[in-house]
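Put chain D on the given structure of chain L with help from the hints.
There are 2 protein chains.
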Amino acid sequence: MAAPKEFFEYVDASAGQFIQRLGEAVAIPSISGDAARRQDVIKMSNWLNAQLQSLGVDTKQVELGTQELQGQTLPLPPAVLGSIGKDPKKKTVLIYGHFDVQPAELSDGWDTEPFTLVVDEKSGKLIGRGATDDKGPILGWLNVLQYHHQHGKELPVNLKFCFEGMEESGSEGLDDLVIRESKPGGYFEGVDCVCISDNYWLNTRTPALTYGLRGIAYYSIHVSGPARDLHSGTFGRTVHEPMTDLIALMSKLIDREGNILIPGVDDMVSAADAEERKIYETLDYSIEDIEEAAGAKIALSDDKVQVLMGRMRLPSLSLHGIEGAFSTPGAKTVIPAKVAGKFSLRLVPPQTPENVTPLVKQYIEDEFKKLRTKNKLEVEYLHGGRPWVEDVKHWNYEAAIRATETVYKRKPDLTREGGSIPVTLTFAESLGVNVLLLPMGRGDDGAHSTNEKIDRSNFIEGTKLLGSYLYELAASQ
Amino acid sequence: MAAPKEFFEYVDASAGQFIQRLGEAVAIPSISGDAARRQDVIKMSNWLNAQLQSLGVDTKQVELGTQELQGQTLPLPPAVLGSIGKDPKKKTVLIYGHFDVQPAELSDGWDTEPFTLVVDEKSGKLIGRGATDDKGPILGWLNVLQYHHQHGKELPVNLKFCFEGMEESGSEGLDDLVIRESKPGGYFEGVDCVCISDNYWLNTRTPALTYGLRGIAYYSIHVSGPARDLHSGTFGRTVHEPMTDLIALMSKLIDREGNILIPGVDDMVSAADAEERKIYETLDYSIEDIEEAAGAKIALSDDKVQVLMGRMRLPSLSLHGIEGAFSTPGAKTVIPAKVAGKFSLRLVPPQTPENVTPLVKQYIEDEFKKLRTKNKLEVEYLHGGRPWVEDVKHWNYEAAIRATETVYKRKPDLTREGGSIPVTLTFAESLGVNVLLLPMGRGDDGAHSTNEKIDRSNFIEGTKLLGSYLYELAASQ
Chain L
1 MAAPKEFFEY VDASAGQFIQ RLGEAVAIPS ISGDAARRQD VIKMSNWLNA QLQSLGVDTK
61 QVELGTQELQ GQTLPLPPAV LGSIGKDPKK KTVLIYGHFD VQPAELSDGW DTEPFTLVVD
121 EKSGKLIGRG ATDDKGPILG WLNVLQYHHQ HGKELPVNLK FCFEGMEESG SEGLDDLVIR
181 ESKPGGYFEG VDCVCISDNY WLNTRTPALT YGLRGIAYYS IHVSGPARDL HSGTFGRTVH
241 EPMTDLIALM SKLIDREGNI LIPGVDDMVS AADAEERKIY ETLDYSIEDI EEAAGAKIAL
301 SDDKVQVLMG RMRLPSLSLH GIEGAFSTPG AKTVIPAKVA GKFSLRLVPP QTPENVTPLV
361 KQYIEDEFKK LRTKNKLEVE YLHGGRPWVE DVKHWNYEAA IRATETVYKR KPDLTREGGS
421 IPVTLTFAES LGVNVLLLPM GRGDDGAHST NEKIDRSNFI EGTKLLGSYL YELAASQ
Chain D
1 MAAPKEFFEY VDASAGQFIQ RLGEAVAIPS ISGDAARRQD VIKMSNWLNA QLQSLGVDTK
61 QVELGTQELQ GQTLPLPPAV LGSIGKDPKK KTVLIYGHFD VQPAELSDGW DTEPFTLVVD
121 EKSGKLIGRG ATDDKGPILG WLNVLQYHHQ HGKELPVNLK FCFEGMEESG SEGLDDLVIR
181 ESKPGGYFEG VDCVCISDNY WLNTRTPALT YGLRGIAYYS IHVSGPARDL HSGTFGRTVH
241 EPMTDLIALM SKLIDREGNI LIPGVDDMVS AADAEERKIY ETLDYSIEDI EEAAGAKIAL
301 SDDKVQVLMG RMRLPSLSLH GIEGAFSTPG AKTVIPAKVA GKFSLRLVPP QTPENVTPLV
361 KQYIEDEFKK LRTKNKLEVE YLHGGRPWVE DVKHWNYEAA IRATETVYKR KPDLTREGGS
421 IPVTLTFAES LGVNVLLLPM GRGDDGAHST NEKIDRSNFI EGTKLLGSYL YELAASQ
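Protein chains in written order, with this note's numbering: chain L, 1 to 477; chain D, 1 to 477.
The hints are simulated quantities; they were obtained by calculation from the structure and are not laboratory data. Do not take every clue at face value.
For lysine-lysine, the following DSS-like pairs were computed, each having C-alpha atoms within a straight-line distance of at most 25 Å [claimed, not checked]:
(1) L:Lys376 to D:Lys297
(2) L:Lys338 to D:Lys278
(3) D:Lys252 to L:Lys361
(4) L:Lys369 to D:Lys297
(5) D:Lys125 to D:Lys297
If you're wondering where the values come from, they're calculated on a predicted model, not measured in any experiment.
For reference, chain L alone in the conformation it holds in the complex (with noise of 0.2 Å):
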């Protein structure tokens, strides 16, 4: 059963509407990790609750308790639940999405305000914080929910949806939330799937449909040995310096190729067989690809296999910076008594963050032994979550690749993605059910960037391919 021709034409037609609600919910910055914005969080909550509730689904709001953040004991944005239609007849999927997004400032680098969406009808692109890093695909879904209501139409699914507002500081209660309604009289009950549109699509032409995400484990090392900081003319060569051991720690973790030094890290992943590599060469995607999207040539390898892989089916590390240490312009000539240098591995089966964790807490233990400093270390892991890899053989899948032919008129790339989604996990083994991941936005959105944002198309067609998806489910065995 492949969406009514009708609801095709009454998104295009809404497209300017549609716009402009993205602009409204682009408008409150709702950033997780800054304690200053809490209130826009929750703000963001009470929004998308009223514009369920308009829609015609039953919501509630749900506290999930509180936060030590900056120094602050902090409420954590309430989660909305929402449900329309129980007709017993009827698959029941379940939506998840985020409010939340990364922070922001026009100091950054951005073009334009972060939290004005910025239509540009030259490119087509919708530009703003959070247009595609979720609220796009969010709305995406209020948009098939609209349709339907004006119209008077049921949809061909019942619906759950469970929308966080923490995703983008590691998802903080949620999965306490997803594991408790996931029992028997749970507001979950009854799910048959799981649908996410919280990721993208590999380039900027192919529609893709995710069935692997790497999981993460995000890690802050802790050097320290002053009691204060310190002028680095008087104590220069006299003192064991935290940054000089830091740095030196730091430059541990990964070597220039990419590779992850932390011993029996890379070693867990098996190398992939001629039919493995298969798959990544058939994929739509190129090393000119990957290097339009970070908008420069600095891919690892000319090797599109090699490339593909290590985003796809090998863990990763990055260095994300130091804290404690001096980080604005200028030249302060300061010795940190106290830093920190964050990073965090990117995970695939069969990594998890419980099973790398003593590694890499070893491994920086004994490094830090071997440079005989007297400065105090500790290595603290600040949060993860576990890979995942999904069965594409389901109907869940099927349905989605059909409705992507109709929208799209092509077979979507089936892919595994680099990023990290850990609800996604919690969801399927709460669950027990096939989880999809149905990405909106294409390769060079730009999510965490500057200039995030989605295209008009995508948003609009991206509406299309969630409707049509509903329909094919409903269709499918």
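Only chain D this time, still in chain L's reference frame:
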């Protein structure tokens, strides 16, 4: 000719008022490195100018042009020149000091508001940004002037003053002024010697005179690649990450023992012979003093001579931080597009910024080539100053030694200092006269650090020292 007894009594009796005036000076947050505080540095220039005038000094404020800072064109804070006494039979002494300060925020870890002078009656500490670096010493000179002004007494020498507001930011604009005014017919014509009170005793017990300073050369290593910040999930292990390259480069600058790994830099400095080692053995200074000042047992060696030479007669290298990377609390999964690693070298004769900079650039460029990365490198020299060593047999030093014996009843340590006051060399070279560094504060004052302080006794006895020095100068041949 010793200072009159009445002077010492006056200083003791006026201590409360002197401390109150220091509080006024500390309350002006004259941070030269922060564009937002530029007006406060200018305010401080005006305050000091008015104070000098009220004490009978002829002054003028000298505009030094403009500066590009943090994207703004700012006026440099005017220097304050002053002159009192024109007796051709007296010596003429040039006094230098600076009225700008390092940045300070309560959130850096201060126990009290940095720009409110706190008088801790129990410990005798006067706590606040600039208390010791360098507002305390400047106000010491005002205290001496006040005695003579209120009592209608002539000073034993002619005085010239040169106070600047950019010392913590490379003394921008000052060199030109000093060179210009040192020429025949200039403001500093006829100066017989220079005194600078802008450093510290080695320890907390023994007054010191300082006859040597290390120079400095400050660098920024810029590594850039992607056109924008990238998501570590999507791009981890696919591209050359600027942070990976930068950390690799920064790790190759210094080893765990404090040795500088840039070829040729340490080698420029001759090894100390037995006689020279003896100088360091006899100084009233211990590993415990260093560790007490640092607040932790983190000395690089158990050999006192080695540690003291590390501070006084060897170059050092400190890693200060990274601009452009993630630097705040939390766990941001960013691959920064453009990062700048900041480090500085402290230099000793015969090193100069001019002769070490080519070595620094060549080495970093060579190491960068070894990384075979596709990112881009730029090594930037930000600012610097040459090292300086003075003749301690000169009457300028002899007067200061006698003054120290009068006030503190002991001989001062004769020291070389690890820090850099580039203007010292400018005065020495431009005027061709002897320059003395006459410290007021103690080794644990925490200049440039949190909870900066000057001890009440150092401020008050230090005022007596400065006054006595002028009388001893008048008596010397």
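Do the hints match the structure? See the list:
Using a Cα cut-off of 25 Å, the hinted pair Lys376 of chain L and Lys297 of chain D holds, with the two alpha carbons roughly 11 Å apart. Distance restraint check for Lys338 of chain L and Lys278 of chain D: the Cα-Cα separation of roughly 35 Å exceeds the 25 Å cut-off, and the hinted pair is therefore not satisfied. A C-alpha spacing of about 23 Å is found between Lys252 of chain D and Lys361 of chain L, which places the hinted pair at or below 25 Å, so the restraint holds. The suggested pairing of Lys369 of chain L with Lys297 of chain D holds, with an alpha-carbon distance near 17 Å, which does not exceed 25 Å.
The suggested pairing of Lys125 of chain D with Lys297 of chain D holds, with an alpha-carbon distance near 23 Å, which does not exceed 25 Å.
Going through the hint list in order, the structure does not satisfy hint 2, though it satisfies all others.
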